[in-house]
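**Student:** What follows is each chain in one-letter form.
Number of protein chains: 2
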Amino acid sequence: MYLEHVSSPADVRALPASALPALAAEIRSAIVGSTSVIGGHTGSNLASVELTIALHRVFETPRDKIVFDVSHQTYAHKMLTGRAAAFLDPARYGEVSGFSNPSESEHDLFAMGHTSTSVSLACGLAAARDLAGEKYDVVAVIGDGSLSGGLAFEGLDNAAELGSNLIIVVNDNEWSIAPNHGGLYRNLAELRATHGEAPRNAFRALGLDYRYLEDGHDIAALEAALAELRGTDHPVVLHVHTEKGHGYAPAAGNPEGWHHAVPFDVETGAVLPGAAAHPADENYANVTGALLMDWMRTDPRVVAVNAATPYIMGFTPELRARAGAQFVDVGIAEEHAVSYATGLARGGARPVLGIYATFLQRAYDQLWHDLCLNAAPVTILVFGASAFGTPDATHLGFFDIPMLGSMPGLTYLAPTCIEEYLDMLSWSIEHEGGPVAIRVPVAEGVVSRPDFARADDYARGWEVLREGSDVALLALGDFLPLGERVADALAGRGVSATLVNPRLATTPDETLLGRLVARHRVIVTLEDGILDGGFGERCARALAADDVRTLCYGLPRAFVDRYDPDALLASCGITVEGVVADALAALEH
Amino acid sequence: MYLEHVSSPADVRALPASALPALAAEIRSAIVGSTSVIGGHTGSNLASVELTIALHRVFETPRDKIVFDVSHQTYAHKMLTGRAAAFLDPARYGEVSGFSNPSESEHDLFAMGHTSTSVSLACGLAAARDLAGEKYDVVAVIGDGSLSGGLAFEGLDNAAELGSNLIIVVNDNEWSIAPNHGGLYRNLAELRATHGEAPRNAFRALGLDYRYLEDGHDIAALEAALAELRGTDHPVVLHVHTEKGHGYAPAAGNPEGWHHAVPFDVETGAVLPGAAAHPADENYANVTGALLMDWMRTDPRVVAVNAATPYIMGFTPELRARAGAQFVDVGIAEEHAVSYATGLARGGARPVLGIYATFLQRAYDQLWHDLCLNAAPVTILVFGASAFGTPDATHLGFFDIPMLGSMPGLTYLAPTCIEEYLDMLSWSIEHEGGPVAIRVPVAEGVVSRPDFARADDYARGWEVLREGSDVALLALGDFLPLGERVADALAGRGVSATLVNPRLATTPDETLLGRLVARHRVIVTLEDGILDGGFGERCARALAADDVRTLCYGLPRAFVDRYDPDALLASCGITVEGVVADALAALEH
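Going line by line, the protein sequences match chains A and B.
Numbering follows full-length UniProt numbering, in which position 434 of the first sequence is assigned residue number 434; successive positions increment by one, without gaps.
Numbering follows full-length UniProt numbering, in which position 252 of the second sequence is assigned residue number 252; successive positions increment by one, without gaps.
Think of the hints as simulated: they come from the structure by calculation, not from any bench.
Please note that a few of the clues may not be correct.
Unchecked claim - Over 12 Å on every C-beta distance to chain A, these chain B residues come out as not near it, computed from the model: (1) Y212; (2) P273; (3) A570.
Unchecked claim - A few chain B residues that face chain A, going by a derived Cβ cut-off under 8 Å, partial list only: (4) L121; (5) R362; (6) A393.
Claimed, not checked - Covered by chain A, per the in silico footprint, the following chain B stretches (three or more residues, Cβ under 8 Å): (7) 156-163; (8) 184-195.
Each residue gets a CB set at the ideal place from its N, CA and C atoms; glycine is no exception.
This is chain A alone, in the form it adopts within the complex:
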């Protein structure tokens, strides 16, 4: 086995060319083997094996700089830079993160996991190199859907002005997470069909030099093409055609399904029983898709909008086909998704945009300047906003409440159970009071409360679930079950607590707070999000001039990485025992 003896890129360069196909096969086998056990980005990584080998044979990192866009396709890069054991030895699976990680290796330049940043980052590296009067190659590797994000365009557009060494490898595997969308991808198809010769060429139009390589799995050809560009004195694009899932039939046959895989049987590709990564997500996805399909049948104005992750809102390929023009995937283009939805609403449609909290960050100004400034009736379903969402620092989803909490006129709802979620979603579609966002529950899986209290107007106020005294618990959204457990535990200590479902994540119910202050000495806020700028802080201000003690529980403003959610909560004092003890102490103060 070659891979076991590769401890740095120098070892890759020392191998004879004849050994490389075997090395690629070993890497491919390690990708399939490790992701079959712990899950991961199987398809994208299988596509970039040979390209990564060639990059490390032609360029000498860390002196030369390689920036992998999104960086979920860096498994081969990690294996070739001293981290192979984490993919070969089942006992060490998961020892490295799934993304580029400077704390793991000097060959990883940036922590990154959102798309479309690589060219801008590489432009900065190149400019710093030129300022310092140094000489080395700077390479951005972009693909896998990342080109449709506006930042990638800004990067390419500015790269054309650089006037010095920059190599942009477009790893064209024909896919985003879901199918590619947009005119640029048609242009890539045209370029593939003409072996790069088509006169229409988006890269050349921006003033960039351009080369094409058809077989992105031919290491010798890749090496030759890259070697030719090494030391270039101007920015140049190398467009490489690869196959998502290459070399593993189940993945190659279903690129969307295998973009990110959960544990599977290597022989058949079948998902292992009980291996669905986020069963709650899937369940919420299904009911979302089903409810929206119902709405679409009776209301032609309803449109589901999505940015390359249709599955989060339950839009399987089959549902997409049934929805027709009432389902729109704009590709990886979150800014466009929000402004487009604003235009849809202004034109009389009722858009429902489903998006991960971490990616909604990319449309902050469109939320503020387009959606909210125009009070457009759009519903935004915010997924993964929880300590129990993706536990990678690059994809944390629990910064949403401060983000949306400074948007004028936006109603941000936090349902506590699946029934309330669906009712809020239907309510939002008919709501005429401006945009509504809904924080889809995550923390406790699918919580069912068939007897939840419907509201005629969810924008109006909070709901008291249990009347008590002394301590009032404001348990936001998916932390309601936690609030219930705390209330039960307090009852066991002789304190009958009031339990509130605030419903609104960013707007205190001043009337109710006034009533609570009169009968309670301690107010406790519980939220599945960061404290800084969050729900609890807003309550603390609303209560700041009152004679009451407020205890706020939430998450840290920090890039926690690959954490255990329960341990994270415990480190923030968010346990039933911890909250009860604090509340009792505050009562006695």
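Place chain B on chain A using the hints.
**Tutor:** For chain B alone, coordinates are given in the frame of chain A:
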């Protein structure tokens, strides 16, 4: 005079073609006349007079939809849609806003003032039209630098998939606010030079149909070109060449200086004495540019980065030339600016990015995912973050504290005077503890405190300026003078207040707060920003479990428009008398 008799676009369509040059001249004269008195976007509006007349002769708004990107070039549109008096009658100057405004007219579809949104909004309008089975034309008018924003690319990229009527007019006046940057603008130049025939064509490369019109001031030619596209069944780009400042020599001769004009003498174009819109801004700009030039001379790593508004950081054309490669204007591309700065820092440079608060919103995810996740040593100078910044709803700058307050590891400093600002800027360039943002003061103009207390480490804590008891005033940044006035007034009422310069806009000094709580019964926070998610709220949480009353003063989470800043503050209770009265009442509570 024709213009006085135009009360709607139908009147424009009823005019004989022979009258149109005179109408254009009248509009042009009204633009120059009104902006010479109240200021405004002189150059951009002069460029789009004939185009606007032609648009309203060919399309029938409000049935047809026209979306003007940025919308600062809609003066002619306003004049032709019933609002001419606001430009003709000096007594009514300023009666209408400087941007597209749906509350003024059914011909204005969106409130908007940030760039690059029009194509996405128009795609949404077109999709809504198609869903409803209606027929009308949807037109996006984009230019004046707006094409370099990534959202414009996302819009164009998605437009190519629309498959129905959409007309994109590229109003190419050869300028952004400052000179254009990026490969796309080189392509526009190539297309202009070849009358649209160049084989390199960024629009065609994206799959869009394309036409070129050289003389963007020839109304007949514009009408003919637009009429040909009316009712098109697919997206098409009409590239029109215009001249920024057309027809007014001072503006045409200095497009950057006349992008936005302050009151001027019509005869000579000279700025009227005392007419500089933001003297404090100019002063802060000058000292920023001068200090950065000093740094650059001694430290080749220092780079000033900017996104199309170099003047805010004092970089006049002359300074730009002197700075050479140490000054970079990336054009209107704020996302790129932040990621690029991150790359620069990773490559060993020390970037200082100057940007308006309202435009920094466009780079929210790049701040979070690139800059902060990578703890990159970058300084961001945040301009206009104040109730006393631009008072247009589209450009409010006082939402910055919640935005930056949820960024992990970012130090956000709020200097109280020009000396402290400069010291913090120098400190930030040498700071190795991750990114630093600095909130450039606005509210009270240039405040000088030569005896300000330097800190060796501004990230560490707050500063007590006056020791008192009972009431502690936490007066953030440019509200320090307000805090001083409140402290003086309290002294007059027999209360010796403590006055604190918090320095840090998003991080409570827990140690100092603990000390304050011991000796004060009332804590007052004063901030020139929104309360929701702001500085006061953070203090309120830090103090929530203590036996103290906290009063928070700040701005509303609302799209206030064309407001008087002092009146806005008064409406929020922010007057010396108001705060004093509240504090005294709280003491007696």
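**Student:** With reference to the structure, classify each hint as holding or not holding.
**Tutor:** Status of the hints after comparison with the structure:
1. Y212: holds (14 Å)
2. P273: The claim holds: B/P273 sits with its nearest Cβ about 35 Å from chain A, beyond 12 Å.
3. A570: For B/A570, whose nearest Cβ neighbour in chain A is about 20 Å away, the distance exceeds 12 Å, so it holds.
4. L121: holds (4 Å)
5. R362: Because about 4 Å separates B/R362 from the closest Cβ in chain A, which is inside the 8 Å limit, the hint holds.
6. A393: For B/A393, the interface hint holds, since the closest Cβ of chain A sits about 6 Å away, which is under 8 Å.
7. 156-163: holds (count 6)
8. 184-195: holds (count 3)
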